[in-house]
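Residue numbers (this note's numbering), protein chains in the order written: chain A, 455 to 589; chain B, 74 to 364.
Hints listed in this document are in silico derivations from the structure and should not be mistaken for laboratory results.
Warning: the hint list may mix true and false statements.
[Stated by the list, open to error] Computed list of lysine-lysine pairs in DSS-like fashion (alpha-carbon distance at most 30 Å, straight line):
id	chain 1	residue 1	chain 2	residue 2
1	B	104	B	228
2	A	584	A	539
3	B	121	A	560
4	B	185	B	343
5	B	132	B	343
6	B	238	B	228
7	B	121	A	508
8	B	228	A	584
9	A	539	B	228
10	B	121	B	185
11	B	238	A	560
12	B	81	B	95
13	B	89	B	343
14	A	539	B	238
15	A	560	A	584
16	B	228	B	121
17	B	91	B	121
18	B	78	B	91
[Unchecked claim] Not the full set, but computed from the structure, chain A residues with beta-carbon under 10 Å of chain B:
id	residue
19	464
20	468
21	483
22	491
23	494
24	498
25	502
26	521
27	524
28	535
29	538
30	540
31	541
Built from N, CA and C at the ideal position, the CB exists for glycine as well.
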Amino acid sequence: MAALQLEVVTPNGPVVQAEADYVGIPGELGQLGIMPGHSPLLTALTPGRLYFRKNDQNTDVFISGGFAEISENRVSILAESAELKEHIDVARAQRAMDRARQRLEKAASDETIDVLRAEAALLRASLRMKIASGS
Amino acid sequence: MPSLKDVKTKIAGVRKTKQITKAMNMVASAKLRGTQSRIERFRNYADKFHAVLGDIAAKATGTAHPLLAAHAEQRTVLIVLFTSDRGLCGGFNAGLIARALDTARKAAAENKDVRFICVGKKGRDAIGKSGFELAESYTGAMIEFNFDLASTIGKTIIGSYLAEKIDEVILVYGQFESASRQVPTVQPMLPMQQINAGHHEDINPAFEYTYEPDVSSLLNALLPRFVNVQIYRALLDTSASEHAARMVAMDNATRNCDELTGTLTLLYNKTRQASITSELIDIVGGAEALQ
């Protein structure tokens, strides 16, 4: 069966354009496994790890949520940011994590802090680090 | 007649100015290329986004999202004005500010409150002096920005819109058409007009998509992002327009310098000739007196 055409695009340009035999995406309702011949699907994504397999080689990508559109063996991911595992800036993620933690600690006394936003930042940072460390 | 030394200093000054304007022209053209390639890369995302949104909006009939609905009372207008942070780009900022103030006065004539969000220092300064309320400003942003800035601005706007603090949102930005043509554009953003999806090869209406979680929650997630996409496009376009306008302005300035150097050189030669002539007259006169 024909391979999947995977495309991950962000506002800063395409991050991945590749062929794949299998794509795993973090759907809003749970992990989705896409194989060639999948039925047309539009779905919202949560921040997390996207991976695709080609010739038994897995490639990990961090995506910050967004949308996936699947039709005719094409998988298009629209994400606000996405990075290949080897391009993840661990130091930056660590800083973002520390910042988010500090904000959450202060949130109890300071009403101007957007807790949801800080939590989302913390989640993104920890996911980035998790993917970068290869687990 | 100015002295020889004065003219010489002036010529040197003009030459130095020319070096600066020429350098600025080259910097602006390099930056323009950079921004243009960013626009290219963004278009990829924006087109796809628009196609997906159009498809979902068409399916989600009957569910009126608050961002699509106009408020019952139209009291407050928010104008988001995009300008550059730096000057020396001809009439670029003046044109944008004039359009924004025009729009503001029209709204004020209809007894609406007008508020501004200014992106870019030039706009902020002008609006600050105009007497209209400046709700927020983002300066230093046009020098370097990314999608996060658009998200931040978008979030503020959506928050106020949903809280019914504002009833209408208008973007004023420099639309980039080509290196020699930039158009100050007034674009109503909220309430959102019905979204007409341009035909897109990737989204075939014949497909029976499965929607997860469901059409209306997808729409709920997409629409706020669409606001960010529009803001980011305005940011990119304004930035490209700024660089293009600066290129043209600096090119003109360089040419003016050439012209000025020519005129001054002529003056320098005339002055020198005049002083030689008067010295000769002195010598001849002195020799005559001795005879």
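Could you check the structure against the hints above and give me the numbers of any it violates, in ascending order?
3, 4, 5, 10, 14, 17, 22, 25, 29, 30 and 31
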